[in-house]
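Turn these sequences into a full structure, and let the hints steer you where they fit.
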Amino acid sequence: MAIEFKPSPSLPPPSNAVGAVAWVRKNFFSSPLNIFLTVFSFYILYLLVPPTIEWAFLDATWSGENKDACTAGGACWAFIVAYFDQFMYGLYPQTEYWRINLAAILLALLIGMYAIKAINKLILSIAVLVVYPVVAYFLFAGGILGLEVVETSLWGGLFLTTLLGVVGIVASLPLGVVLALGRRSNMPIVKSVCVVFIETVRAVPLITILFMASVMIPLFLPDGLNFNKLLRVLIGITLFSAAYMAEVIRGGLQAIPKGQYEAADAMGLTYWQSMLLVILPQALKLVIPGIVNTFIGLFKDTTLVYIVGMFDLLGRIQSATHDGDWLGTTTEGYAFAGFIYWAICFGMSRYSMAVERKLDTGHKRN
Amino acid sequence: MTDRNMALAQLEPGEDAIIEFKDVNKWYGEFHVLKNIDFSIKKGERIVVCGPSGSGKSTMTRCINRLEEHQKGQILVDGIEMNDNLKNIEAIRKDVGMVFQHFNLFPHLTILENLTLAPIWVRKTPKKEAEEMAMHYLERVKIANQALKYPGQLSGGQQQRVAIARGLCMKPRIMLFDEPTSALDPEMIKEVLDVMIQLADEGMTMVCVTHEMGFAKTVADRVVFMDAGEIVEANTPHEFFDNPQHDRTQLFLSQILNH
Numbered sequence: 001m002a003i004e005f006k007p008s009p010s011l012p013p014p015s016n017a018v019g020a021v022a023w024v025r026k027n028f029f030s031s032p033l034n035i036f037l038t039v040f041s042f043y044i045l046y047l048l049v050p051p052t053i054e055w056a057f058l059d060a061t062w063s064g065e066n067k068d069a070c071t072a073g074g075a076c077w078a079f080i081v082a083y084f085d086q087f088m089y090g091l092y093p094q095t096e097y098w099r100i101n102l103a104a105i106l107l108a109l110l111i112g113m114y115a116i117k118a119i120n121k122l123i124l125s126i127a128v129l130v131v132y133p134v135v136a137y138f139l140f141a142g143g144i145l146g147l148e149v150v151e152t153s154l155w156g157g158l159f160l161t162t163l164l165g166v167v168g169i170v171a172s173l174p175l176g177v178v179l180a181l182g183r184r185s186n187m188p189i190v191k192s193v194c195v196v197f198i199e200t201v202r203a204v205p206l207i208t209i210l211f212m213a214s215v216m217i218p219l220f221l222p223d224g225l226n227f228n229k230l231l232r233v234l235i236g237i238t239l240f241s242a243a244y245m246a247e248v249i250r251g252g253l254q255a256i257p258k259g260q261y262e263a264a265d266a267m268g269l270t271y272w273q274s275m276l277l278v279i280l281p282q283a284l285k286l287v288i289p290g291i292v293n294t295f296i297g298l299f300k301d302t303t304l305v306y307i308v309g310m311f312d313l314l315g316r317i318q319s320a321t322h323d324g325d326w327l328g329t330t331t332e333g334y335a336f337a338g339f340i341y342w343a344i345c346f347g348m349s350r351y352s353m354a355v356e357r358k359l360d361t362g363h364k365r366n
Numbered sequence: 001m002t003d004r005n006m007a008l009a010q011l012e013p014g015e016d017a018i019i020e021f022k023d024v025n026k027w028y029g030e031f032h033v034l035k036n037i038d039f040s041i042k043k044g045e046r047i048v049v050c051g052p053s054g055s056g057k058s059t060m061t062r063c064i065n066r067l068e069e070h071q072k073g074q075i076l077v078d079g080i081e082m083n084d085n086l087k088n089i090e091a092i093r094k095d096v097g098m099v100f101q102h103f104n105l106f107p108h109l110t111i112l113e114n115l116t117l118a119p120i121w122v123r124k125t126p127k128k129e130a131e132e133m134a135m136h137y138l139e140r141v142k143i144a145n146q147a148l149k150y151p152g153q154l155s156g157g158q159q160q161r162v163a164i165a166r167g168l169c170m171k172p173r174i175m176l177f178d179e180p181t182s183a184l185d186p187e188m189i190k191e192v193l194d195v196m197i198q199l200a201d202e203g204m205t206m207v208c209v210t211h212e213m214g215f216a217k218t219v220a221d222r223v224v225f226m227d228a229g230e231i232v233e234a235n236t237p238h239e240f241f242d243n244p245q246h247d248r249t250q251l252f253l254s255q256i257l258n259h
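Same order as they appear, the protein sequences are chains U and R. So for the first sequence, this note's numbering puts the first residue at 1; every next one is plus one. So for the second sequence, this note's numbering puts the first residue at 1; every next one is plus one.
Note that these hints are calculated values from the structure, not bench results. Some clues are possibly wrong.
[Unchecked claim] Derived lysine-lysine pairs resembling PhoX-like cross-links, with alpha carbons at most 25 Å apart:
1) R:LYS128 x U:LYS117
2) R:LYS190 x U:LYS6
3) R:LYS149 x U:LYS358
4) U:LYS258 x R:LYS87
5) U:LYS121 x R:LYS149
6) U:LYS121 x R:LYS124
7) R:LYS94 x U:LYS258
8) U:LYS258 x R:LYS149
9) U:LYS117 x R:LYS149
[Said to hold, decoys possible] Derived list of chain U stretches under chain R, where covered just means 3 residues or more per stretch with a C-beta under 8 Å from a C-beta of chain R:
10) 265-275
11) 278-284
[Stated by the list, open to error] Computed from the model, here is a short list of chain R residues facing chain U with C-beta under 8 Å:
12) ASN65
13) LEU67
14) PHE100
15) PHE106
16) LEU117
17) ALA118
18) TRP121
19) VAL122
20) GLY152
Here the structure is a predicted model, which is why all the values come from computation and not from measurement. The beta carbon of each residue, even a glycine, is placed where N, CA and C say it ideally should be.
Printed below as a string of structure tokens:
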């Protein structure tokens, strides 16, 4: 008679391989070099952290009319407080701030609704991508329902930065997808148009494109056919980052195994069906880090609109440091700008990691 | 089109060929991969294609649903000529299911979504009906309890059975199998072959590229042996294994059967 096979029971790992002490030993003090690096790192932290805390918090001045109020020797946050509204809203009329706040709250609510399972995501997406931009535009610009008209030249600060960033991000992703698909197309004309566009735009600095958009284009357009500078700049930023986006997405498309394309074809799916249902969902998921990289780059590049006379967050801060009452507050201004940009970009990065985890469906076999 | 081809394009009712290769030639660049393939498969027939690697067996099979293009000759599937006309290609692909060596399930969709994708988008079946049908085929391949998992969570054999069920969901008239067991662990080959045998018993027209000679012996109506882009020999399994006509076939059989 055959002997029955019984797998041996699984045992817990030995106690010296788990727990806090084992973790510290393994990660901090595993070798002489590691011990040295640990001690050295703590020494550097000791040198840097306490003075920073002292400057930024303990010795800081939080309120005051001008620079003379800042006598404690630390950071002069009173400057930021005094200029806070301008940093946030630019020269937008103070009585109309609520319009920007309302638009921001609406957007946050709409995005938050994605978390609710019972809501149809398609309808919600139409609301976010089609209805919301129209509502937001009229809120910002005014001109209907008795809302006061606010010229775009008054838009500025973090409001302008966010506007440029969000529109650029939302518009450049689909455009990038189309360019990437076009570049891989079998149709020679489509392919060459996409290649020429991508290679031309990527070879030119963003400043050049912004300059073209704000200065050159009005020269070429016939009189009376001029359109808003903000719109021109938005188009410039979108086209610029779409070219980068296209190459990131093309990388994702190339990483999808040939078998996926073949399986989709063999089922009788049309080109657009197989792209939208099978290939792009996988390709985009694969290149989320690259896409977010481009988003973050785009968001920070929006500071360049300063060159063409638009005052975004950084522009507002820079011009405020020239105020005679607040001379010598450049450090505080840039520290504040740095913190805001860092918070937003870090948020994007963490959000993208959460999305990646959510979309993970286990390892792929093919 | 010559008169002869015209006559072939419209099959006579008595003639029940469902796939016809007429003098088909194909090149990859300079490489002549299919040479004068002249072959027809009857409705309900089970064909096993074998041969050494690089002999063109996969390529020939993939020409049936235009995953590969032929450059010369004519291929008729269910009376429709395979050419550059996208309408023809789509019509044929609707009726031809395919199972691949590496399964090619869509990893971002659940098993159920993998099965309902084509019925919903290509056949325009209502979602609920498509899901019922998908569950029916999953029962048949004995994997219904995994319907909500993702392909990455299943074993190779399970994935290949899902792939077969996915093909069946389009209610195809022909099923193509391109080395369906070659990427599987030995213990999983049988579960996939069992499903294929069951399918063969139900009268499905099957073209199967495989090295499983046991399967060929029990299931095939005809075995096709290819080498260097040509069909060397096509015969019933009995004749093919016991009385091979060609030296090349004998050599091939001696190498795969006596190792």
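Three residues or more, CB to CB closer than 8 Å: is that satisfied between the region 265-275 of chain U and chain R? holds (count 7)
Is it true that the CA of LYS121 (chain U) sits at most 25 Å from the CA of LYS124 (chain R)? 21 Å, holds
Hint consistency between LYS258 (chain U) and LYS87 (chain R) [alpha-carbon to alpha-carbon, up to 25 Å]: 23 Å, holds
Just to make sure I understand the rule, a stretch counts as covered if three or more of its residues have a C-beta closer than 8 Å to a C-beta of the chain. Does the region 278-284 of chain U meet that for chain R? It holds: at least three residues are needed, and the region 278-284 of chain U offers 3 whose Cβ sits within less than 8 Å of chain R.
Interface hint outcome for ASN65 (chain R) [beta carbon to chain U under 8 Å]: At 6 Å from the nearest chain U Cβ, ASN65 (chain R) passes the 8 Å test, so the hint holds.
Can you verify the interface hint for TRP121 (chain R): is its Cβ closer than 8 Å to any Cβ in chain U? Holds, about 5 Å.
Between the alpha carbons of LYS149 (chain R) and LYS358 (chain U), is the straight-line distance 25 Å or under? This hinted pair holds, its Cα atoms lying about 15 Å apart.
So if I understand the rule, the pair passes when the alpha-carbon distance is 25 Å or less; does LYS94 (chain R) with LYS258 (chain U) pass? With Cα atoms ~20 Å apart, LYS94 (chain R) and LYS258 (chain U) stay inside 25 Å; holds.
Take the shortest C-beta to C-beta distance between LEU117 (chain R) and chain U; is it under 8 Å? 6 Å, holds
Pairwise hint evaluation, LYS149 (chain R) against LYS121 (chain U), where the allowed Cα distance is 25 Å at most: Holds, because 22 Å separates the two Cα atoms, which is no more than 25 Å.
Are the Cα atoms of LYS190 (chain R) and LYS6 (chain U) separated by 25 Å or less? 24 Å, holds
Is the hint on PHE100 (chain R) kept, meaning its closest Cβ partner in chain U is under 8 Å away? Holds. Min distance 6 Å.
Of the hints listed earlier, there is not a single one the structure fails to meet.
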